[in-house]
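Just so you know, the sequences run in chain order A and B.
Numbering follows the working numbering, in which position 47 of the first sequence is assigned residue number 47; successive positions increment by one, without gaps.
Numbering follows the working numbering, in which position 189 of the second sequence is assigned residue number 189; successive positions increment by one, without gaps.
Simulated from the structure, these hints should not be mistaken for laboratory data.
Keep in mind that this is a model prediction, so the values were computed, not measured.
List of simulated lysine to aspartate or glutamate pairs, DMTMM-like, C-alpha gap at most 25 Å:
1) Lys215(B) with Asp4(A)
2) Lys138(A) with Glu28(B)
3) Lys33(A) with Asp211(B)
4) Lys33(A) with Glu17(A)
5) Lys33(A) with Asp11(A)
6) Lys8(B) with Asp306(B)
7) Lys8(B) with Asp133(A)
8) Lys9(A) with Asp299(A)
9) Lys128(B) with Asp299(A)
10) Lys128(B) with Asp4(A)
11) Lys8(B) with Glu141(A)
12) Lys128(B) with Asp292(A)
13) Lys128(B) with Asp211(B)
14) Lys33(A) with Asp296(A)
15) Lys162(B) with Asp262(A)
Under 7 Å between C-beta atoms, here's a sample of chain B residues computed to sit facing chain A:
16) Gly26
17) Met30
18) Ala145
19) Ile146
20) Pro147
21) Leu153
22) Phe161
23) Val260
24) Gln264
25) Val276
26) Ala291
27) Val295
In this text, a Cβ means the ideal position worked out from N, Cα and C, and glycines have one as well.
If you want the building blocks of each chain, they are given just below.
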Amino acid sequence: MARDALNRKMDRLLLLEEQGRLSGNTTNRTLRKIAANPLAIIGLVLFLILLLACMAAPLISTYGPNAIDLRNRLSPPSRAHLLGTDQIGRDIFSRILYGGRISIFVGLGSALGAALIGVSLGTYAGYRRGALDALVMKVSEIMMSFPQIILVSILVTIVGQSLWNLLLIFILTGWPSMYRMARSQMLSIREMEYIQALQAFGIGSFTISFKHMLVNAVGPIFVNITLSTAMFILQEAALSFLGLGVPLEQATWGNILNVAQDLNILRGAWWVWLPVGLVITLFVMAINFIGDGLRDAADPTQVG
Amino acid sequence: MISFIIRKFLLLIPLLLVISFLIFLGMELMPGDAVDFMIPPDALATISQAELDLLRSELGLDAPFLVRYGTWLVNLVQGDFGYSLQSGVAVSSLLANTLPATLELSLAALVLSTLFGSILGVVSALYKGRLSDNVLTVMGMIGVAIPQFLFGLIMIVVFVFKLGWFPVGGRLTVGNEAFLQRLDHLILPSVVLALSMTAGVMRYCRSSMLDSLNKEFIKTARSKGLPPWRVNLVHGLRVAMTPVAVLIGFRLPMLIGGSVVIEQVFQWPGVGQMFVSAVRSQNTPIVMMVAFFSVLIVLIASILVDIATALLDPRVKLS
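Bound-form chain B, shown alone (with noise of 0.2 Å):
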């Protein structure tokens, strides 16, 4: 086990390369280099090119593309992200003030639609055929259907216009920064992010869940005398649960994607936030940045799912 997870976490390295020369690769792709973006536009009409040169080969602009890149990688397994083209602060003080509100809009998020997608998943394929199945069922395909940041400014409408039963957007109202205060601010975004991704858990729980129930060692619990509940959901859910974690670690990439969306939508001071902005103003460094650590946690969770799947399905062999 131990074993399996160093040599995961060993192929990770090769991969993160290539994926570094990638987004190297498109930084030197995009319009302008750093000088152009450091010299405000008056004082570029007045410099002479000399002086440009000087400028970009101290700034080791002029070294050849792998030397550069070369010295872009040490930089950041350094922990030196590049700075922000338009405030010159460093990236990774900027990811440290965003990406505590992602990781708790998103952890929210998830941890909203794993539990509630399997719950309602499992309730659909035990009354499978009943209102309340169909009545999930419909549900679900409006969930899937539905553009989340619609959802979203439909939530807005109805809960914070009309009900005012939550604060217009934002993370925290100013003097009230603990976590419980701050609980009303989390609750509409995470609730819509959630959505899509429950859908699609539950619809998946529940075609899992009845597979589960069809197969033979159900028969032999449910001939033991073994309570229903027991074993519909000792018994069956463990082997239904399998399919179920890995569709939650394939998703994870969406629920990343889907908080730049939601996080635009109520104004959350997060990454994503911060991404779309940068992407609008073509501010490189912070687009790479980002791009490459959402990257690397959609990597991590993949070896977790792997993990997760092994300890809930002992025919699983970790090789």
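Pulled out of the complex, with its shape left as it was, chain A reads as follows (with noise of 0.2 Å):
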């Protein structure tokens, strides 16, 4: 039966090369893919929906992320305050707004420079093998065998609090694990008879490894970090629920959600809670369900 359809499918597609009507395609495979994927179409609208609300938030919202208004404390959800105030009378929608600018830089930017160093290390090392690769992956290893939340807490301490410390230790303890990735990709990439050619040409393995290599792995690159930015976000949130992330003064989706350590706020008051978790949980997802996505666009056993 299946085979029948495939055939079928087959002859399909074989008529319309005959006619000539097949060239007329092209767009990238990988693209119409992701086009024909609706869960990682509904995860790049919620992304970009809440991307857009965050970078666009003094347009949208009248109150400042800190503006104080102490005749309102903790007044729940009405016309004035969309999702109310928190403990001091600071309006909770446009806190989310504001905070979700930082939350999403700091998940961004530390995937991105996790993946500028990892991949630039395991690009090369991956190709060169050797002394480089053995030292920079023992070193991995070491980093890797903390549990992150424990190894970010120590580097907090020894360096202090704030969003550009806080940037660069997710930076530092995340690009063992792209690292690997990268490393695994090339070492499969690097048994290809291309690579051969190439290196019988006597082309440098600088050139080799970055021009010729990587364009080959950037499919499960680009899958790692949308990945890595959802984890980051997260443990922003949950550094920041302890208060060891971001300063609490700079309104994050982290640090809304510290007060939520009151049990009274906790019992009594959702609208200070709730929503930025919410908002958090949806984000997260969006950028699985994109990064799910991308993975299946980007695995050419799949058809598309």
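Two chains, two separate frames, one set of hints: put the complex together.
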């Protein structure tokens, strides 16, 4: 049954090819596969809506993220304050928007930074092997044997709490997994025949690895960057919830949630913590959908 | 087998030396030394520099870096993990007080997530494309995306405040200290801690199970006329479980990390809570010792994963 259907599909394709109608389709195959994946599209739309809303925070919200209104403390959602106010009268809705800017920046920035270091090292060391590879591999092994949150907390204690420090620490603790991923890609690519051809031409290893090999590993790298972004956003939230992340003066998604440690707020003022928690969950889910969609689209064994 | 295990544990020693050195280096880099913390601030104003130097040399703080590292390491091996900078209590006894609570919580979460993750994953794979598979897949996506502590907060509001089924936080109610009486304290935190790992194990187990059900030997087993449950649960599951066991081993650091956050949410008196307050107050010896032991646990777990893989998959040779 299935084979018949496949044969019929092939026949149709051959017919189209004979009529010269197939060549008109020049759009990228990967893009087409993503566009056909409903979850990935939902994820992308959700991601863009949240991202744009946060970027346009001053246009959407009339309150500043740290504007204090002592007459309206812990007031429930109303027309004046869409999502109510927190314990010192700051507007939750605008704090979520402004906080999103920093949280997304930390997540995306850390993932890109970690990818920059990890992928460059992995690309070169994965192709050259030898002492450099062995050394970096050992370093990454040591770093990955620490539970992430414990390593991050130690580094926070050493360098102190600030937005930029957190970003640096995330990059510092995030590159080993990127390195391993890029390295394993390189290890399989370097066995391909075109690499031998390039070597026979006497092309330098730097050019071979970065110009000719990296392009073939771009798919998994992008998947990894999206999924790491989600992970870093969750980590920022957890650390800030513990009071170890971005300093509390700055609104971030995690810092808004921090007050939920107070049992009275937890019990009586759901609008302070529940909406921002849902926003984090939605955003992370959107990124995961995009990542999963990219993974399927970049996989040549799946028909699109 | 035995020689493999011994060799693995011997290889652990150089790695632990490097890590202990890094941890000592970290302690050195942290602001302030032991003397600054030992002397109350008002006494520090009246004390002279000469007296401070004397105190430092008595404590061995003026010795070269490597000598200090050596002394610290020897103490470590002898079971002297240093002292809390705030209370002066030995870190070893602080750990002895908090470790059982954390182990209890983590083990409960590990058992829950392994059990539910694999069962739900198998169900999802066997009913692929049906309603139950779709529902489980969506739940898995949410489980991976929701911050663990948020899930914990929601659980507290629903089951403690609204329904009143469980007590608020803590590990035991005074007077009711037997295990069964403590169970109601344990249920919520362990379920919350298990959530994201359950979701991960489930997703992984589903695809691994689907993979193994497509293999040739499953066709052979079916054509021999074995009952479906035997084909699925004995022949299919055994092969599917190998990558799942590896995943569970690799997720162990996440479990330890997760317990740091969850203990805070549920006021669970474990190592994680001690760790967070130590980080906040820059109580270096505690921070570093917790880090050291969590690394030790992770490394030992990875050896156990190797062994488990070999037991599950006869093709894997330990070498």
